[in-house]
Every structure is written in structure tokens, then in C-alpha cells.
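Novice: Residues per chain are reported as follows:
Protein chains: 2
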Amino acid sequence: MNNQNEVLIKMVISNWDLQNEKLDSMLASFSDEQLLKETAPGRNTGIYLLGHLTAVSDGILPLLCLGEKLYPQLHEPFIKNPDKSGFEYPSIADLKTYWNNVNTTLKNRFSTMQPNDWFNRHTAVSEEDFAKEPHRNKLNILINRANHQSYHLGQMAYLK
Amino acid sequence: MNNQNEVLIKMVISNWDLQNEKLDSMLASFSDEQLLKETAPGRNTGIYLLGHLTAVSDGILPLLCLGEKLYPQLHEPFIKNPDKSGFEYPSIADLKTYWNNVNTTLKNRFSTMQPNDWFNRHTAVSEEDFAKEPHRNKLNILINRANHQSYHLGQMAYLK
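In the order they appear, the protein sequences are chains A and B.
Quick note: to get my numbering, add 70 to the position in the first sequence (first position is 1).
Quick note: to get my numbering, add 70 to the position in the second sequence (first position is 1).
Be aware that a few hints might be false.
What the hints assert, rightly or not - Here are the simulated SDA-like pairs of lysine to any residue, each with C-alpha atoms no more than 25 Å apart in a straight line: (1) A:Lys92 / B:Asn90; (2) A:Lys230 / B:Asp153; (3) A:Lys230 / B:Ile117; (4) B:Lys92 / A:Leu88; (5) B:Lys177 / A:Leu106; (6) B:Lys92 / A:Phe100; (7) A:Lys230 / B:Lys177.
Simulated from the structure, these hints should not be mistaken for lab results.
The structure displayed is predicted, hence computed values, not measured ones.
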């Protein structure tokens with residue numbers, strides 16, 4: 071591990087934090103009424119995207135061996151199924167609390183990781199595959215999830 | 071420079087390539103008629119987003135000291151100004167050619183870079199500031215630009 075690696079890890083984590091801050095400021099600017107609306111005609115609602123992003127972030131915990139999901143009940147309505155599948159969603163206030171708790175928990179657990187840990191395999195790749203594909207490490211998960219979040223932030227911005 | 075750095079650089083470049091491939095496959099699936107439409111009522115059109123993403127990617131060349139922009143004429147209509155500002159846009163066929171040329175050029179120039187080059191400052195940061203903020207390097211530009219692209223890909227997906 072050298073200094074460049076540590077700079078790089080900080081860059082990836084800062085970029086992840088930045089996407090979270092963007093969603094935080096969107097959430098602060100939207101009313102509950104806005105969040106219940108579709109981001110475009112016939113498209114995902116704001117509340118679905120908030121639940122989806124919370125559930126995906128929550129899934130980072132087991133994937134990075136940082137513990138169990140905080141809200142496994144979000145998987146079914148917000149990952150496995152599309153919007154408007156008939157599930158009763160948590161209230162927006164509850165979803166915002168979940169979102170904040172997931173982010174705070176991730177931030178705290180990331181801070182316990184050593185730089186080298188980020189280069190270990192994540193739990194969705196076998197040891198055998200990882201030997202051949204060393205890029206399938208924990209840091210790569212964070213790069214991918216930040217991009218996934220940006221993708222949906224671009225859509226949520228349409229609630230403005 | 072060690073092996074972990076090289077793995078990390080490859081991860082960031084692969085992630086960048088992935089975003090470009092996503093736009094490539096969207097472009098292959100949309101008709102010109104679809105690309106001329108708004109992504110949502112009152113929002114950016116597909117053609118504007120294509121021009122915008124092409125212009126932003128083109129701007130990576132000077133920022134990473136990899137040469138001059140190929141299409142500086144895209145700056146005014148697609149970066150400096152929002153959609154529907156009265157500019158006459160290039161044809162969709164031309165914009166697709168520009169998009170492909172910019173990506174191919176970036177790919178070729180990236181392949182000439184040594185791993186260490188990615189940790190050097192980009193041209194928008196002074197040597198003085200870079201000494202204090204070593205994360206403002208070339209690789210960070212690519213991480214940021216990939217997220218920016220994801221953001222707009224989420225919106226372009228609404229043309230489907």
C-alpha cells in the first residue's frame with residue numbers, strides 16, 4: 071500500500087459522498103407531494119427512487135462484509151419489483167430516516183476499513199474468479215454504485 | 071506505482087468505458103425522431119444531451135493534456151447554453167460521428183498514458199493547489215465525468 075493508493079481510495083469515497091450529498095439536497099428541496107409524483111409521465115415516482123436508492127445502498131453492507139442490511143424489507147418492493155407493483159410503501163418521513171441511517175452506517179463502517187481492505191474481493195465474487203479478475207474488489211462496488219446513483223439522480227432532478 | 075494502483079486505474083477506465091457503451095447502445099436503439107424529442111415534458115431533448123455529453127468528453131482532452139478539443143464549436147451550443155437557446159444543431163448523424171471520434175480518440179490517448187500520469191494534476195488546478203489537494207488529479211476527472219454521464223444517461227433512458 072502506498073500513498074497513491076490512499077489518495078485513490080479517498081477519491082472514490084469522496085465521489086460516493088458527493089452523490090449522497092446531491093440526493094440529500096434534492097430531498098431537502100422537494101415537498102412530500104413532489105416526491106409522490108412521477109419523475110416523467112409513466113416513469114418511476116420520486117418515492118420509488120428514494121426507496122430504490124436506499125435499498126441498493128443498504129445492500130452494500132453485506133457485499134462489503136460490513137454487516138447485515140438494516141432494512142431487508144426494502145428489497146422486495148424497491149429492488150425486486152418495479153414501481154406501482156401494488157406494495158404499500160413506507161411513509162416518506164420513514165424512508166428519509168432509512169436513507170440517512172444507511173448512509174451514516176456506511177460512512178462509519180468505511181472509516182473502520184484499512185486501505186488494503188478495499189482491494190479485497192466483495193462477497194458476490196468467488197475466490198476463484200477473483201484470482202483471475204482482481205478488479206472485482208470492494209472499491210469497484212463503490213465506483214459502480216455511485217454511477218448507479220447518478221443515473222437515478224438525473225431522473226429525480228425532473229421532480230423540480 | 072504498484073500493482074494495486076494499476077488495478078485501480080483499470081477499474082476507473084473500465085467504468086468510464088461502460089458508461090460510453092451504455093450511451094452507444096441507447097443511440098443504436100433510438101430513431102432520429104426519438105432523439106429529437108424531449109426526455110420529459112419541458113426538459114432537455116435527446117439531441118441536446120448527445121451534444122452535451124460529446125462536448126464534455128471532448129473537453130477531457132485538454133484537461134488531461136492529451137491535445138486540443140476535436141470539436142470546440144460544440145462548447146457554445148451544448149455547454150455554455152441550455153437546450154432551445156436558438157442554436158442550429160449539427161445533424162444527428164454528424165453528432166454521432168463526433169461522439170464516436172471523441173471516444174475513440176480518448177481511448178487511444180489513454181492507452182499512451184503511463185500509470186503514474188493519472189496521478190498528475192489536471193490542467194484546471196494550479197501546481198500550488200495541487201500540492202495541497204493531491205486528489206485533484208487526472209483520474210479524478212474521469213471518475214467525475216463518468217458520474218456526470220450516468221446522470222444524463224438516466225434522463226436519456228426516458229426517450230424509450
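Novice: Could you run down the list of hints and mark each one as holding or not?
Specialist: Results for each hint:
| no. | hint | in the structure |
| --- | --- | --- |
| 1 | A:Lys92 / B:Asn90 | holds (23 Å) |
| 2 | A:Lys230 / B:Asp153 | holds (17 Å) |
| 3 | A:Lys230 / B:Ile117 | holds (22 Å) |
| 4 | B:Lys92 / A:Leu88 | holds (23 Å) |
| 5 | B:Lys177 / A:Leu106 | violated (42 Å) |
| 6 | B:Lys92 / A:Phe100 | violated (29 Å) |
| 7 | A:Lys230 / B:Lys177 | violated (36 Å) |
In this structure, the earlier hints numbered 5, 6 and 7 are contradicted, and the remaining ones agree with it.
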